[in-house]
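Chemist: Residues per chain are reported as follows:
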Amino acid sequence: MSLSRLEIRGYDAGPDERDEMFDATGDIREAWDTLGRALFADDGLSLARHAARIRRRLVGHGTTFQIHGTGESWDLDPIPLLIDSSDWAMLRAGLDQRVRALEAIVADIFGPQRLLAAGLLPTDAIVTDRNYLRPCLGTGRQGPGTATLPHLTLYAADLARSQNGITVLSDRTEAPIGAGYALENRDLVSGAFADLAARLGTVPIARWFIGLRDALAQRAPSGVDDPRIVILTPGTSDPAYFEQSYLARTLGFTLVEPADLTVRAGRVFLKSVTGLEPVHVILRWVPSYLTDPVELRGDSTVGVPGLVEAWRRGSVSIVNALGSGIAENQALLACLGGLIAEVLGEEPILSSPQTWWCGDPVGRSHVLANLGQLIIKPVERGPDRHSWFGPNLSVGALQTLRNQIEAAPHRYIGQEQVTLSTAPCFDGEAVRPRHAVLRVFGLAQPSGYVWLEGGLTRSSERPEEVALATGGISKDTWIIDPSHRRPVAVSPLRVLPQVDLRASVSSRAAETMYWIGRNLERSEALIRSVRAAEREVDQWHELRDEADGSWMLTMSDALDALAGPPNPAPGAAETGIESEPVETSQRCDAVTAAGKSRRGFSGTGLESGFASLLVDTRRPRSLTTSLGFLLSGARSVRELFSTDTWRVLSELAERRSELERAEPGEILDTAAATLTSLSAVSGLLGESMVRDPGWRFLDVGRRIERALLLAWTLERTVVRVPVPGLAPAVYETVLAGWDSLVAYRRRHRSDIEPATLVTLLAFDRSNPRSISFQVDALAADVAALPVLTGGSESVVGLVANIMAPLESGRTHVDALVHHGDDGYREGLGALLSQLVDGLTLLGERIELGYFVQVQGASYGTG
Amino acid sequence: MKYRIVHRTTYEYGLPATMCFNLAHLGVRSTPVQRVESTDLSILPTPDDRLDRVDPFGNETTYFAIERPHSALEVTAVHTVDRCASSPPPSASSRWEEATLTTALADRELMLASPHVPLLAELKAYAETSFSPGRPLLEAAAELVSRIFHDFVYQPGFTTVSTPLGEVLEHRRGVCQDFAHVALGCLRSVGLAARYVSGYLETIPPPGVDKVFGADASHAWCAVRLADGRWLDLDPTNDQVAPSTHVTLGWGRDYGDVVPLKGVVFSAGGSTDLAVQVDVARIGDDRVPDVGG
Chain F
1 MSLSRLEIRG YDAGPDERDE MFDATGDIRE AWDTLGRALF ADDGLSLARH AARIRRRLVG
61 HGTTFQIHGT GESWDLDPIP LLIDSSDWAM LRAGLDQRVR ALEAIVADIF GPQRLLAAGL
121 LPTDAIVTDR NYLRPCLGTG RQGPGTATLP HLTLYAADLA RSQNGITVLS DRTEAPIGAG
181 YALENRDLVS GAFADLAARL GTVPIARWFI GLRDALAQRA PSGVDDPRIV ILTPGTSDPA
241 YFEQSYLART LGFTLVEPAD LTVRAGRVFL KSVTGLEPVH VILRWVPSYL TDPVELRGDS
301 TVGVPGLVEA WRRGSVSIVN ALGSGIAENQ ALLACLGGLI AEVLGEEPIL SSPQTWWCGD
361 PVGRSHVLAN LGQLIIKPVE RGPDRHSWFG PNLSVGALQT LRNQIEAAPH RYIGQEQVTL
421 STAPCFDGEA VRPRHAVLRV FGLAQPSGYV WLEGGLTRSS ERPEEVALAT GGISKDTWII
481 DPSHRRPVAV SPLRVLPQVD LRASVSSRAA ETMYWIGRNL ERSEALIRSV RAAEREVDQW
541 HELRDEADGS WMLTMSDALD ALAGPPNPAP GAAETGIESE PVETSQRCDA VTAAGKSRRG
601 FSGTGLESGF ASLLVDTRRP RSLTTSLGFL LSGARSVREL FSTDTWRVLS ELAERRSELE
661 RAEPGEILDT AAATLTSLSA VSGLLGESMV RDPGWRFLDV GRRIERALLL AWTLERTVVR
721 VPVPGLAPAV YETVLAGWDS LVAYRRRHRS DIEPATLVTL LAFDRSNPRS ISFQVDALAA
781 DVAALPVLTG GSESVVGLVA NIMAPLESGR THVDALVHHG DDGYREGLGA LLSQLVDGLT
841 LLGERIELGY FVQVQGASYG TG
Chain W
1001 MKYRIVHRTT YEYGLPATMC FNLAHLGVRS TPVQRVESTD LSILPTPDDR LDRVDPFGNE
1061 TTYFAIERPH SALEVTAVHT VDRCASSPPP SASSRWEEAT LTTALADREL MLASPHVPLL
1121 AELKAYAETS FSPGRPLLEA AAELVSRIFH DFVYQPGFTT VSTPLGEVLE HRRGVCQDFA
1181 HVALGCLRSV GLAARYVSGY LETIPPPGVD KVFGADASHA WCAVRLADGR WLDLDPTNDQ
1241 VAPSTHVTLG WGRDYGDVVP LKGVVFSAGG STDLAVQVDV ARIGDDRVPD VGG
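Here the protein sequences line up with chains F and W, keeping their order. All residue numbers for the first sequence refer to my numbering, where the first residue is 1 and numbers rise by one. All residue numbers for the second sequence refer to my numbering, where the first residue is 1001 and numbers rise by one.
Hints may contain errors.
Stated by the list, open to error - Ranges between beta-carbon positions, derived for each pair:
hint	chain 1	residue 1	chain 2	residue 2	range
1	F	Gly-314	W	Leu-1105	24 to 30 Å
2	F	Thr-400	W	Val-1036	49 to 55 Å
3	W	Arg-1172	F	Thr-400	27 to 33 Å
4	W	Glu-1122	F	Asp-299	21 to 27 Å
Said to hold, decoys possible - Residues of chain F clear of chain W, computed beta-carbon distances all greater than 12 Å:
hint	residue
5	Gln-97
6	Thr-123
7	Pro-204
8	Asp-226
9	Pro-227
10	Ala-310
11	Gly-337
12	Gln-373
13	Gly-448
14	Arg-531
15	Ser-642
16	Tyr-744
17	Asp-821
18	Tyr-824
19	Gly-856
Hints listed in this document are in silico derivations from the structure and should not be mistaken for laboratory results. All figures in this text were calculated on a predicted structure; none of them were measured in a lab. All residues carry an ideal CB built from backbone N, CA and C; glycine is no exception.
Between the sequences and the hints, there should be enough to build the whole structure, so can you do that?
Modeler: What follows is the structure in structure tokens.
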């Protein structure tokens, strides 16, 4: 006996609407029966559990998609949309036909223009489309060699079931996003329902991604056997950045930003830490019309100068081809059916909502006469372009719209409204019908288009949200084919093996890793040191006042150096990520200033002083500042980190926002919890990252920072002899702050002696916190870095220069800690200042040698 | 009349530029009223990469890149052009509405708004004063050009290449390029196809004053398509219809399609000095004409 809709409490699809799960008589459709029994039998209890589990994993993966800049995170419904294999076969045939027609249209526009000249295309809409890229006209083909490559390697379509059957709401040809989210959704949902998916016969989707990798490799210019393929992202601010980095990691290609690429002699190169490396194929997520400020929009900030010329010459393939977005022009929907007949000589299989283009006099008069019943859309899609639902408009708004259309009729279409079918959705309490739109993905292969057997479904209570892709909850999509039924679930292929064996680190990514390392260390060192000071004073209350608060002055001086003095301009330390050379030099100045400052906690009390060190964002190296840089840096190179690392980084982000929200009394505890997260990040980076150049730069950053911060601390606490009686408390705090107190106690039973303290913290090569340990690690790191060309002084030499005074100091510790009547340990002071200078120079040399990128500026003469 | 034209653009950088990528629309094209005898574009330092081609409007363009540090860039175009006298063709005298009926692909994009020429409502109103129903195109166009000439003040420095057309209309000030855009917007607003023309015009010094080399300027005007597919040059800056002394470089929808020299320069900062010298000299004729720029 099958389930009826009455058995699912509160599920009411309404009599007029088509539901995916139930037929018109209220009986469950065959494909849904097993799923329905498994999920709905217990009144939503197991669903709530699954939903919570998926939610946790989503947060852990850090999945995001900003919906038109609202910053909303990705949301995933636990119930997949099911499509049976016979529906799917029909869909595939229809989509295949449609994309062949669109490919022919794009090839015509950028080639012979026969369709355009014959008036078969909406001329005025096409020639004013921003994707009608004049510098690309007449190329007639995509890519190099003799073979004609398709413009639309990737294609996506938004589908819905309406009163007219399955209908194509829109086509995505410019940069069809979503396949990565579909894979991510499958990973999350099939994890929860592995057994059920297998029992139903769910077709796996990972194979399509292997096909994508192969297809990209096939796009390489002829004669290139070992192509370098990069994924070009506009940057971390792009709404779909998550997907771009996810694909980079999944496919094993280098993720690059426009500034990582350069054109030389008509060829594209990646600016990597090892020099310029040729690029043969670009999977492009930058909008076509912004890809080259020389030939296209001069004001583009995400372009690569010379890229269009390189592409025209065939030295690089771009996927999808430049200008492919022209096929998204909505005016095409008014004539696509006729075009399919004209171009392919076939009857159209799939329809679209009926559309009238206002550039055509007949279409225009129909639209203007029925404005109140239609959806009005601009012919070009974009975040800045709005659509109007006629029935929602006031008389005044309709008149405004009418005037707008009449002023530039070729820029608008009118479209009939379609009723979208509903699918079951779990809203946290019950299963409810929600309107659904399915995005499917095609990939051009030599044998024809291959379709991802699944897709990305979005659902919402409000049909216009999903129809316009402005919102809604996503769903996994299962194609149900009984021949795929298996007794045991086969886990999906999550990460494909690397194919880009020469995957390289861009200069930008290397710089980001270096600063992640430095900020990671800043954060850890600051928490440890603040905590040690807080515990010491907690244990010995008299330290507050003894000898005129001398202990407190000494420690506040040392801690102030770690966090940096507050910047007078509020929030100035928060601007941007740390990749600008200008900012780098400002930071160096701030460091120097901190080194010379002799102030305490700016006159505040002890507790609020500790809190200020941790959460005052005006301080250049406060905990929240450093964590902010660390997290934004990590986001921009997320493809270099494993999923596990992301999970702990997400936790760290959560800790940071807790710190920002924390009451003064909670800050220290929250900081302690933050230290745990930081240790987890450090552990994963140390234990699960390949020692490639990216990791080396991160480690170099860490080691330089740790050695520098410790040297500063020793300068402020040991070089000047503390007030008699307070020395043990100062030394103990320093040892605890640098995680070496236990080690010290184990070796030495006596009071803390300066010579033994200095030995342990500066010279002990077996102490992972000591300066010597960092310098040894730096020597190994820089030896593994690419050799800098044209450098007068090698970084290897600079590390040797730092090591030399440590070597000699190690054998003369007693002389170093000797002090005269002035209470100043001259030898130690000189050594530390030599170390600080050497480390600073090394940092500068690495930044200049490996990272510096010159900025380009557009110009034009009158 | 035969002209020798020299157009030299010089950039001097305070700090050396490390690389530059450029696109030049500095090649002169042949038209029914001008024959190109020779044309040459020389670039210093010699580019590491250079390719000449013809753009979709039929203009000669040059892509070039200098991929090594350089402290100056000098681009010099030298053309010898034989320009014959022109007069409005007979078709210019037919009703202007007849010219609006074209559906040819190449004309459509010249009938619609373009990036520098939005079809603002004011433009249509301004145009309709001259383009009254049934009027001969030549008459209406001549009046429009004359009105722009008288209503707008020629004031170098008031606008830049990126000043929006709305501001030009509001202040009624600008240079040749702005007036060409105004005229284009008017012509397109009433349904005509019109193109932006980039070129040169000889300047004549006052009697008794010697002409200084390089004192001429690049110039811009527009052209309207006639019913028979021929084009009529209109120069609102000089209140001229079908002038015989203009030498055409190339054309497009607006300034943006035929920027003489544009690109991206990579440098560590520092100042940039730009100098443009244009010289239009007659060859083998020293008669002083009675038209001026």
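Chemist: Just want to verify: Arg-531(F) was marked as not at the interface with chain W; is every Cβ pair farther apart than 12 Å?
Modeler: The assertion about Arg-531(F) holds, with a minimum of 44 Å to chain W.
Chemist: Range hint 49 to 55 Å: satisfied by the CB atoms of Thr-400(F) and Val-1036(W)?
Modeler: 51 Å, holds
Chemist: Would Gln-97(F) pass as off the interface with chain W, using Cβ distances and a cut of 12 Å?
Modeler: Gln-97(F) clear of chain W: closest Cβ-Cβ about 27 Å, beyond 12 Å.
Chemist: Far enough from chain W: is every CB of that chain over 12 Å from the CB of Pro-204(F)?
Modeler: Fine: 46 Å to the nearest Cβ keeps Pro-204(F) off the interface.
Chemist: Hey, is Asp-226(F) genuinely clear of chain W, shortest beta carbon separation above 12 Å?
Modeler: About 25 Å separates Asp-226(F) from the closest Cβ of chain W, which puts it past 12 Å; holds.
Chemist: Confirm or reject: Pro-227(F) is not an interface residue toward chain W, with every Cβ-Cβ distance exceeding 12 Å.
Modeler: 22 Å, holds
Chemist: Report holds if the minimum CB distance from Gly-856(F) to chain W is greater than 12 Å, and violated otherwise.
Modeler: Nearest chain W Cβ is 4 Å from Gly-856(F), so the label is violated.
Chemist: If I take the minimum Cβ distance from Thr-123(F) to any residue of chain W, is it greater than 12 Å?
Modeler: 5 Å, violated
Chemist: Please confirm whether Gly-337(F) is truly not at the interface, meaning its C-beta sits more than 12 Å away from all C-beta atoms of chain W.
Modeler: Gly-337(F) clear of chain W: closest Cβ-Cβ about 22 Å, beyond 12 Å.
Chemist: Over 12 Å to the closest beta carbon of chain W is the bar; see if Asp-821(F) clears it.
Modeler: The assertion about Asp-821(F) holds, with a minimum of 51 Å to chain W.
Chemist: Can we confirm that no CB of chain W comes within 12 Å of the CB of Ser-642(F)?
Modeler: At roughly 36 Å from the nearest Cβ of chain W, Ser-642(F) sits farther out than 12 Å, so the non-interface label holds.
Chemist: Could you say whether the range 24 to 30 Å given as a hint is met by the Cβ separation of Gly-314(F) and Leu-1105(W)?
Modeler: Distance hint for Gly-314(F), Leu-1105(W) holds at roughly 26 Å.
The earlier numbered hints that this structure contradicts are 6, 10, 19.
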